[in-house]
Amino acid sequence: MKKIYIIGALACLFSACKPSVNVTVPPTAGDATFTSYLAIGNSLTAGYADNSLYVTGQLNSYPQRLFEQFATIGDRGAKGKFYQPLLTGDMGYPGPRKVVGLVGSCLGDTSLGAIDLPYFAASSEDAKAYVSDGPNHQINNIGVPGIRIADYAVPTYGNLNPYAKRFYHDLTTTPLEELQFRVNNVHPTFVTIWLGANDVLGFATGGGQGDGSGNALPIFGPLYASDAVTPTAVFKRYYDTVVAMAISVGARGALINIPDITAIPFFTTIPSNGLYISRQSLADSLNRAYGNSKDFAFKLGYNQFIVKDHLGHIRQSVPGELILLTTPLDSITCAAWGSYRAIPEQYVITTEELQQIRSATTRFNEIIANAATRNNLALVDMYSYMGTLQSGIVYNGIKYNTSYISGSAFSLDGVHLTPRGYAIVANKIIESINAKYHSTITAIDVNKYNGILFP
Amino acid sequence: MKKHLLAASLVLSSFASFGAGYQLNLQGLRQLAMGGTGAATPWDISTIFYNPGGLARIKTIQAYASVLSINPGTAYGNFQGSTRSQAQSFTPFNIYVGGTVKEGSRLGLGLGIYTPFGTGIKWNDDWAGRYLVQQIDLKCVFVQPTVSYKLSEVWSVGAGFIYANGTFDLRQALPVQNGLGEDATAKLHGVGNGVGFNAGIHMKASERLSFGLTYRSQVNMDLSGGSATFNVPASLKATFPNTTFGSLLPLPQVATFGIALKPLNNERLTLALDLNYTGWNSYDSLRIDFDNHTAMLQNMHAPRHYRNTLTTRLGANYKISKVVSVMLGGAYDPTPVVNGFVSPELPDADRVVVTTGAAIKPLKRFTILAACEFVSSLKRIGSYNYSNFAGTYWTQAITPGVAVYYNF
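Going down the list, the protein sequences come from chains A and B.
The first sequence begins at 97 in our numbering and counts up one residue at a time.
The second sequence begins at 227 in our numbering and counts up one residue at a time.
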């Protein structure tokens, strides 16, 4: 063995000391076939980021990343191109994307924050219908921002959702019929399905104002209110239908479950105890304002914000309750929100609402897990992985976590991901696919892509 | 309230540091050509480095100068691909003056200026490990005035005071990007100095057998007052203020035992064995203490946990004639870097060294030496867990050098 290195050392004389190592191994497909890949999902699948859809986000979607890795497999790897309903530019569709910029506060100072793209102008090109120039006009990524499992039976869905409108082949149909059309069109050999988050997220981002009981009734035909939690039976019926339809032409695939949405920066960035009192006189004054009630306690340092809960009660929040990222901070700073005035209920997730979110997520994830088992598909446990990301992962020298902006994984809307975040998600999916199908798909170099960009 | 936006610290991922191989063994050309041995034989005035105890055996005053060219290359590969460090050359030098003060004297005096530590590696700016290191450069020169005394025909001793001076440069990408997606960078530049000593005993058991025992102390390089320069997006200038920093770098202690033997009756062949025990475990962690802190710019503490190493060196010198000698040698140099701490600023691995050289004495008082060292590390699958960076590394280097010395 040592002799090899002695020879190697001498060889250095002639090869000018250019050692090389190649430890790449050709990826293999294992028990699956990746020749034709169809991605089904919502905004996370579409590549939505920074509160909008724009072409750079789409080109960094996790299905795009997965396709690129599938394409490196020789035998039964992905072939051809990956067709996504791409927009024409980076303005944002239909509204502006967010960028890092200087935000002025009511106190007259400025700090870095997320602002709407200043030079936004809606593109008329983006509003036009997307027609794929691929074989059979195929579209491989049919992720629709905003879509819920509950929406899959809603007729004329293409007219209700501006993202669906861009590429649905028939605007009068239901998403299920659209899915059937796409499956017959693409003939997928492999599918990924990441659906279900919006069936609970709408309730959460609405501050828990809707029906979170899991027994909501439709408001019009089969349509449920955007801020309601989808009834479990409805979720099961259509989730199972979507899976069955997606694999109906013999595809194998991976089902990705619903992440713990209460751990995302949209809910965790503003702490419920963010009321900082620097002078005793201020604490005394607040205590007086609330009649020196024993239900209110203000002291020096950090205090729980005053909130209005879903019953209309004004009270001090309790630890664990969530304040939404969309809460206008100027109102807290200069209009006494959270102190002399309550933070309105649409910006607050109370303990009870939190419980409703968590139990709905658990119920839906059971349905997803059962569907994976029954159909012998890979299950990607993104719910647990969010916990891992919450405590932070280090990748090639960069620390990623669920912190807003500094965590690098979540985009400026605090819900969707950065290109690096999507690559991390794609790696988690690859890991689950490899485990299930005995494939050896190579992990993605996450740091090759962008995180948060600073001006 | 907006402050929380960036409140969490974006801690610099890992201020890389010098790796193991930052010890150089190139201080004398004949010794280099003999596998780096030299504790047991005071071949020339460069014994000031190899064994100060041998200085009193140099019969005249001698002046010695050498220069070398280190040409390393390191390959890195992971499952996603491979790359190679950019071509670089380093040119360490050594100068020695000294000898016995007059013929027949027992007292030797001398001064050595030599390069015992140094390293550098330059990766492509966009390589996978850029958030750990893009480029690093360490140069360190020791100045060593030395006294030696011949106690008897058998025993001589010597010791020298070391003043060390060095520079340290590091560049790495920071995990914040500008609007074009370009990484921010951090540059550290430090100049430092430190003191220590080098002592040795030489025993000439017979005309054909001798021994050497030396000890060179640890030198702590104090890099306080170094400058840290951050090239960051304009909006983050206040969060990454250019600042000064301090750091303390240990240059490890080394104990050496050497034997030299002339097995042939004609005494033309010299065989040498040296064992170096290097106290790398003093390099427990690297700390960079910035003098200015912000939420994002915090002091750095990167664990190293080096272990002590025992290097085995073998060499031979054959005197073909009064004018020409040839040398051959080799060494096995185990790495102080333990598994889990292999990082790309100097991805060290056990190394195999092969050396050769020749000496020509065209004039009675004048000698020319040429030597060449070939080093190859063993391929190492290593990870730096602190930054979760892993891969396979392979380093090679070729180091030719020349020296001249003159006996006054």
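By construction, these hints were calculated from the structure, which means they are not laboratory data.
Hints should not be assumed to be uniformly reliable.
Said to hold, decoys possible - Some chain A residues judged to face chain B by a derived CB distance under 10 Å, without partners named:
id, residue
1, 119
2, 194
3, 196
4, 197
5, 310
6, 313
7, 316
8, 328
9, 390
10, 494
Unchecked claim - Straight-line distance between alpha carbons at most 30 Å, and here's what the computed BS3-like set of lysine-lysine pairs gives:
id, chain 1, residue 1, chain 2, residue 2
11, A, 544, B, 545
12, B, 348, B, 587
13, B, 285, A, 544
14, B, 413, A, 114
Stated by the list, open to error - Label-pair ranges, simulated between beta-carbon atoms:
id, chain 1, residue 1, chain 2, residue 2, range
15, A, 155, B, 467, 19 to 25 Å
16, B, 515, A, 486, 43 to 49 Å
17, A, 268, B, 607, 32 to 38 Å
Please read all numbers here as calculations on a predicted model, not as lab measurements.
In this text, a Cβ means the ideal position worked out from N, Cα and C, and glycines have one as well.
Evaluation of the provided hints:
no. : hint                      : verdict
1   : 119                       : 4 Å, holds
2   : 194                       : 12 Å, violated
3   : 196                       : 7 Å, holds
4   : 197                       : 8 Å, holds
5   : 310                       : 33 Å, violated
6   : 313                       : 39 Å, violated
7   : 316                       : 39 Å, violated
8   : 328                       : 36 Å, violated
9   : 390                       : 28 Å, violated
10  : 494                       : 4 Å, holds
11  : A:544 - B:545             : 58 Å, violated
12  : B:348 - B:587             : 39 Å, violated
13  : B:285 - A:544             : 63 Å, violated
14  : B:413 - A:114             : 27 Å, holds
15  : A:155 - B:467: 19 to 25 Å : 35 Å, violated
16  : B:515 - A:486: 43 to 49 Å : 30 Å, violated
17  : A:268 - B:607: 32 to 38 Å : 59 Å, violated
The structure is inconsistent with the numbered hints 2, 5, 6, 7, 8, 9, 11, 12, 13, 15, 16, 17, although it conforms to all the rest.
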